[in-house]
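Undergrad: Knowing the structure of chain V, use the given hints to seat chain U on it.
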Amino acid sequence: MEFEKINKLLEKYWNGETSLEEEQVLKDYFQQEVVHEEHQKNRALFQFFQNEKNHTLSSDFEEQLIQQLSNNDEKIRKLPSRKSSRRFFLPRIAAAIVLLFSMWFFFQKPSSPTLAEIDQQEIEEAKIAYKQAKAALLLLSSKLNEGTNAAVSGLQQLDKATNIVKGKRNRIKHH
Amino acid sequence: MSLENFKKQILPIKNKLYRFSLRVVGNPSEAEDVVQEVLIKMWKSRDRWEQYHNIEAWCMRMTKNLSIDKLRSKHQKVGLLPEGVDFIAPNISPEKSTELNDRVLKIKDLINQLPEQQKMVIQLRDIEGYAYKEIAAQLDISLNQVKVNLFRARQSIKSQMINIDSYGI
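Chain order of the listed sequences is V and U. Numbering follows the numbering used here, with no gaps: position 132 of the first sequence is 428. Numbering follows the numbering used here, with no gaps: position 148 of the second sequence is 156.
Excised from the complex, chain V in its bound form (with noise of 0.2 Å):
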């Protein structure tokens, strides 16, 4: 007689001795329309049981889920790609550059105290180039990651230095 079997079996399932396919006939019992008075208070559990099965996750979680492993992809795809590297190391080549005259400048002899046409305000302007050269120097060096603009600056700082000084070093050599 299933009231008889569905007794049993409760005593089995509040001891922890029924198996899966047992709880299933017990969870089958109570989803029935009419219950046996008896068995009644158990149907709540079951009830309970049956509804937690129903929460599920919003119906655009798995959309976003895939958009963000794709994006995840690319940034680690962009990487090692060759395009990134030349940016990598374009601001340290520049900062070398940028480094060498400098310092070439920097070991020039004087020129002979003899060379009176020397314009003093064109070597002051030189100076002031160098040292603009210098901080932005400093400043690549300390920003090497950021771009190429520090060292087109420093460079074109150095620029207008070495004219200075070439121009000068023409007319002292032509005297």
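Misleading hints may appear alongside valid ones.
Below, in silico cross-link-like pairs of lysine-lysine (DSS-like), each with a Cα-Cα straight-line distance of 25 Å or less [as the list claims (entries may be wrong)]:
id: 1; chain 1: V; residue 1: Lys-323; chain 2: U; residue 2: Lys-127
id: 2; chain 1: U; residue 1: Lys-52; chain 2: V; residue 2: Lys-349
id: 3; chain 1: U; residue 1: Lys-155; chain 2: V; residue 2: Lys-304
id: 4; chain 1: U; residue 1: Lys-141; chain 2: V; residue 2: Lys-323
id: 5; chain 1: V; residue 1: Lys-349; chain 2: U; residue 2: Lys-141
id: 6; chain 1: V; residue 1: Lys-323; chain 2: U; residue 2: Lys-166
id: 7; chain 1: V; residue 1: Lys-308; chain 2: U; residue 2: Lys-155
id: 8; chain 1: U; residue 1: Lys-114; chain 2: V; residue 2: Lys-337
id: 9; chain 1: U; residue 1: Lys-116; chain 2: V; residue 2: Lys-349
id: 10; chain 1: U; residue 1: Lys-22; chain 2: V; residue 2: Lys-323
id: 11; chain 1: V; residue 1: Lys-308; chain 2: U; residue 2: Lys-127
id: 12; chain 1: V; residue 1: Lys-349; chain 2: U; residue 2: Lys-166
id: 13; chain 1: U; residue 1: Lys-114; chain 2: V; residue 2: Lys-323
id: 14; chain 1: U; residue 1: Lys-16; chain 2: V; residue 2: Lys-349
id: 15; chain 1: V; residue 1: Lys-308; chain 2: U; residue 2: Lys-116
id: 16; chain 1: U; residue 1: Lys-127; chain 2: V; residue 2: Lys-349
These aren't lab readings, by the way, just hints derived from the structure by calculation.
TA: Just chain U now, kept in the frame of chain V:
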């Protein structure tokens, strides 16, 4: 390992992971966060899937650990599910269903008040229908511990249910 594999092998269990996390943390959006974190981690370690013969257990274990961490970090002792997420049994008359619904809510409360491990075993056995061996792997405990926890949980539910009835709901 392709995205297709991921979709086939891992994504199908997402709701089981969600419900399990929800049982521990008690908050739907936090449970969603946990599941998302687990799935992203699974994707990132996809070259290791072959090492595990039970990926589902691996996912559940990760879900368990992350859920507990989340719970502990919020200094919560018991996570209570929000009210109002109930489904009335379709085969029952309206008068009886209200009474039943009240009882179901009380059952929900008492189950959520169970000690953490007992709560988790009830979730995995009575709601998700996993075998003892699977539960042991998922929770990283012994088979014996699964049985003991299940026994204690059910006994506790049984005795507390008597209280529900005797207060005449």
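Undergrad: Which numbered hints turn out to be false for this structure?
TA: When the structure is compared with the hints, only number 2 turns out to be violated.
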